[in-house]
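Dock chain B against chain A, hints included.
These protein sequences, in sequence, are chains A and B. First residue of the first sequence: 140, per our numbering; consecutive thereafter. First residue of the second sequence: 140, per our numbering; consecutive thereafter.
Derived by calculation from the structure, the hints in this document are not laboratory data. Do not rely on the hints blindly, as some may be mistaken.
As the list claims (entries may be wrong) - Pairwise CB distance ranges, derived in the manner of DEER restraints:
(1) N352/A <-> S175/B: 45 to 51 Å
(2) K438/B <-> L244/A: 34 to 40 Å
(3) E332/B <-> I375/A: 33 to 39 Å
(4) R221/B <-> K235/A: 22 to 28 Å
(5) Y156/B <-> K200/A: 41 to 47 Å
(6) R221/A <-> K438/B: 55 to 61 Å
(7) L325/B <-> K471/A: 23 to 29 Å
(8) D376/B <-> R347/A: 58 to 64 Å
Glycine residues also receive a C-beta, built at the ideal position from the N, C-alpha and C atoms.
Protein chains: 2
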Amino acid sequence: MASSVLETAKKAKNASYLIAKADTNTKNQALYYIASMLEKKAKEIIEANKKDIREAKGLTKAMIDRLTLNENRIGEMAKGIREIISLNDPVGEITKMWKRPNGLLVGKMRIPLGVIGIIYEARPNVTADAAALCIKSGNAVILRGGKEAFHSNKVIVGIIGEALEKVGLPKEIVQLVPVKEREAMLELLKLEEYIDVIIPRGGEGLIRFVVENSKIPVIKHYKGVCHIFVDDSADIDMAINICFNAKVQRPGVCNAMETLLVHKDIAETFLPPMAEKYTKAGVELRGCDRTRKIIKGIKKAKEADYGYEFLDLILAIKIVDHIDSAIEHINKYGSLHTESIITQNYSNAQKFLKEVNSSTVLVNASTRFSDGFQLGLGAEIGISTTKLHAFGPMGLEELTTTKFIIYGNGQVRE
Amino acid sequence: MASSVLETAKKAKNASYLIAKADTNTKNQALYYIASMLEKKAKEIIEANKKDIREAKGLTKAMIDRLTLNENRIGEMAKGIREIISLNDPVGEITKMWKRPNGLLVGKMRIPLGVIGIIYEARPNVTADAAALCIKSGNAVILRGGKEAFHSNKVIVGIIGEALEKVGLPKEIVQLVPVKEREAMLELLKLEEYIDVIIPRGGEGLIRFVVENSKIPVIKHYKGVCHIFVDDSADIDMAINICFNAKVQRPGVCNAMETLLVHKDIAETFLPPMAEKYTKAGVELRGCDRTRKIIKGIKKAKEADYGYEFLDLILAIKIVDHIDSAIEHINKYGSLHTESIITQNYSNAQKFLKEVNSSTVLVNASTRFSDGFQLGLGAEIGISTTKLHAFGPMGLEELTTTKFIIYGNGQVRE
Numbered sequence: 140m141a142s143s144v145l146e147t148a149k150k151a152k153n154a155s156y157l158i159a160k161a162d163t164n165t166k167n168q169a170l171y172y173i174a175s176m177l178e179k180k181a182k183e184i185i186e187a188n189k190k191d192i193r194e195a196k197g198l199t200k201a202m203i204d205r206l207t208l209n210e211n212r213i214g215e216m217a218k219g220i221r222e223i224i225s226l227n228d229p230v231g232e233i234t235k236m237w238k239r240p241n242g243l244l245v246g247k248m249r250i251p252l253g254v255i256g257i258i259y260e261a262r263p264n265v266t267a268d269a270a271a272l273c274i275k276s277g278n279a280v281i282l283r284g285g286k287e288a289f290h291s292n293k294v295i296v297g298i299i300g301e302a303l304e305k306v307g308l309p310k311e312i313v314q315l316v317p318v319k320e321r322e323a324m325l326e327l328l329k330l331e332e333y334i335d336v337i338i339p340r341g342g343e344g345l346i347r348f349v350v351e352n353s354k355i356p357v358i359k360h361y362k363g364v365c366h367i368f369v370d371d372s373a374d375i376d377m378a379i380n381i382c383f384n385a386k387v388q389r390p391g392v393c394n395a396m397e398t399l400l401v402h403k404d405i406a407e408t409f410l411p412p413m414a415e416k417y418t419k420a421g422v423e424l425r426g427c428d429r430t431r432k433i434i435k436g437i438k439k440a441k442e443a444d445y446g447y448e449f450l451d452l453i454l455a456i457k458i459v460d461h462i463d464s465a466i467e468h469i470n471k472y473g474s475l476h477t478e479s480i481i482t483q484n485y486s487n488a489q490k491f492l493k494e495v496n497s498s499t500v501l502v503n504a505s506t507r508f509s510d511g512f513q514l515g516l517g518a519e520i521g522i523s524t525t526k527l528h529a530f531g532p533m534g535l536e537e538l539t540t541t542k543f544i545i546y547g548n549g550q551v552r553e
Numbered sequence: 140m141a142s143s144v145l146e147t148a149k150k151a152k153n154a155s156y157l158i159a160k161a162d163t164n165t166k167n168q169a170l171y172y173i174a175s176m177l178e179k180k181a182k183e184i185i186e187a188n189k190k191d192i193r194e195a196k197g198l199t200k201a202m203i204d205r206l207t208l209n210e211n212r213i214g215e216m217a218k219g220i221r222e223i224i225s226l227n228d229p230v231g232e233i234t235k236m237w238k239r240p241n242g243l244l245v246g247k248m249r250i251p252l253g254v255i256g257i258i259y260e261a262r263p264n265v266t267a268d269a270a271a272l273c274i275k276s277g278n279a280v281i282l283r284g285g286k287e288a289f290h291s292n293k294v295i296v297g298i299i300g301e302a303l304e305k306v307g308l309p310k311e312i313v314q315l316v317p318v319k320e321r322e323a324m325l326e327l328l329k330l331e332e333y334i335d336v337i338i339p340r341g342g343e344g345l346i347r348f349v350v351e352n353s354k355i356p357v358i359k360h361y362k363g364v365c366h367i368f369v370d371d372s373a374d375i376d377m378a379i380n381i382c383f384n385a386k387v388q389r390p391g392v393c394n395a396m397e398t399l400l401v402h403k404d405i406a407e408t409f410l411p412p413m414a415e416k417y418t419k420a421g422v423e424l425r426g427c428d429r430t431r432k433i434i435k436g437i438k439k440a441k442e443a444d445y446g447y448e449f450l451d452l453i454l455a456i457k458i459v460d461h462i463d464s465a466i467e468h469i470n471k472y473g474s475l476h477t478e479s480i481i482t483q484n485y486s487n488a489q490k491f492l493k494e495v496n497s498s499t500v501l502v503n504a505s506t507r508f509s510d511g512f513q514l515g516l517g518a519e520i521g522i523s524t525t526k527l528h529a530f531g532p533m534g535l536e537e538l539t540t541t542k543f544i545i546y547g548n549g550q551v552r553e
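This is chain A alone, in the form it adopts within the complex (with noise of 0.2 Å):
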């Protein structure tokens, strides 16, 4: 008996194959369909989200927060959902075309991946997010949502395929993985004949789990470690402001700043009056020995606080007698994730864009505007912190691939 999970896969293999041709009105009109019925459905959905709540063990109060859905977070998901309607379909673009000498003109096409494998944690509203990214990419796509949002993920999931039934096309776009336990995850992993790209979203752990089990190739960032680096030139009333953004806007979230470089020469003047601010906020500040002697009485930053993800008002510190210093710190406790550098000076500014090999890297602007929606991309799948296919925030564009089309008019190989 072939098990349940890959059914599941086959099924999407061969739904992958309609969605990827499915045209842009076609994709919208189910889209469209999906937020209404969202909205609509909202009771159904809380009901299924009660139980679920009523039945998880063990969850902290955050995951609790994050696992609950009411009618005003339904009503955020269909909203997101009529962004994407909104946004470029990148399917059949044509991103180049060049003429060969024989007269074959060679082109690339953006084409869907085809089944997108995602696990994610028990958000149910990413159920939804993800469903929308991607059938308006034109792939298929199984879902694998943390167990506690079994229910509420199953509401969800069959109120879209419904939708998608409406407009003609099989509901098998988008699948949950039929099985709660943790073997359906370890066996999609395996099933790279009919799975395209891996993409885990939630924690460290579960993306370390999700890497060393897959055959199929996997999208991911473990983590964001993102640096600033206030620079001598720097307009002082700007790193103080960029600075305090970046770290106390939003402590728990990927893009905040985890560690802050200072010139030697600005230091006297900058590190004061920021440090007063951070302090007032009920920042934690972990300096080196040179940052201690200006900021007094604050904790010394061990060894192991650079490079660490505090995800909290923590915050290190290091002086640096250089910009080469400050991009050296970066490239050996950085997490690829992204860096910024506040500067007047023309030649760092550059030199800081092109030596740093982060996936973002931003002169005089917060680390936070990392994200797929503050660049313009539009709603986001992830960010990726791998340097292959997609490499940073990923929206719709980075759901697809290129393949090259070619017209020609009798070419043969001499």
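Okay, now just chain B, sitting in the frame of chain A:
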């Protein structure tokens, strides 16, 4: 004691930062030196190569041929490198740039992948070719060629190192795995902290071994089962010419045609002269029942003949009712490599280009054009049939990814 493979990987990582920021002139100068020194030291290379050939055990004649270097082949290697000098440097190119409402300028800049591991068989010419592509695209590379070519590879990599040092770059940009044993390859495949991507080149067995054992993302192609579909509206002369070329011009390569699909309404006109031409050239035909009614006396194609990579003068033929049946057949039996349609029908040409999801799709041209040189990419490092990162022939551009770069003037997140 750290193993020598781990040491090699660490050195490659450090060297990768330096080649990533090297300017185009420096890289071209290094390539120029490599090409001339290969020619100047041809005798030394040939001596090492003779030693390899003496020590080689259990190789077929074809393998010995691929292993063998002579003045002529070394000249070809140098010529290939000079061609790479003439190609555009992809590193640093801004592929897009747009402005956000808050004034942020957001762009995508091409960057090298970092450290590339290339695993290949005993073909020492690949050593120079792959190293040159990696240098030009700003990557460090670890080469693991077939152990039978160890002495030849050692001399060639020695020459490359000398050339790199002549222009002030570290020789560790191009390294050979320092031990012959297969364990060295296994160890290499686990070093995801230091190596960004693995590109295996060779037979399906080698590639499957790499995929099974690698923790590092792998860009690969298993095989090329290429199809041509002769539509009912095809120009008969053009169809015969192209189908002959695709099968006969070089049958042993991955972009040769393996299965010919023929529309039922053209089969009786097209197949007899086509079969005559194939038979004269010594091609063995294996047909479906309908085909065998038109071409008498040929073998029956078994189920296993469809989707098989003959790499030889053998061709499977099938008559289909409609373009949709042809596309279905390709989806079922193809390898996502290269397919071509011969047609004069506008809608069918566009439909085939859109719905066939192989990495290269042609209209009215031979499958043999699926090749980096032929498509105008310049040299190629391989062909990817993994629908991720790069799909199809891979040139310099495909050895890079993009990062987001952002010019701000003080922006923070609200």
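Legend entry - Ascending list of hint numbers which this structure does not respect: Hint check: nothing fails, all pass.
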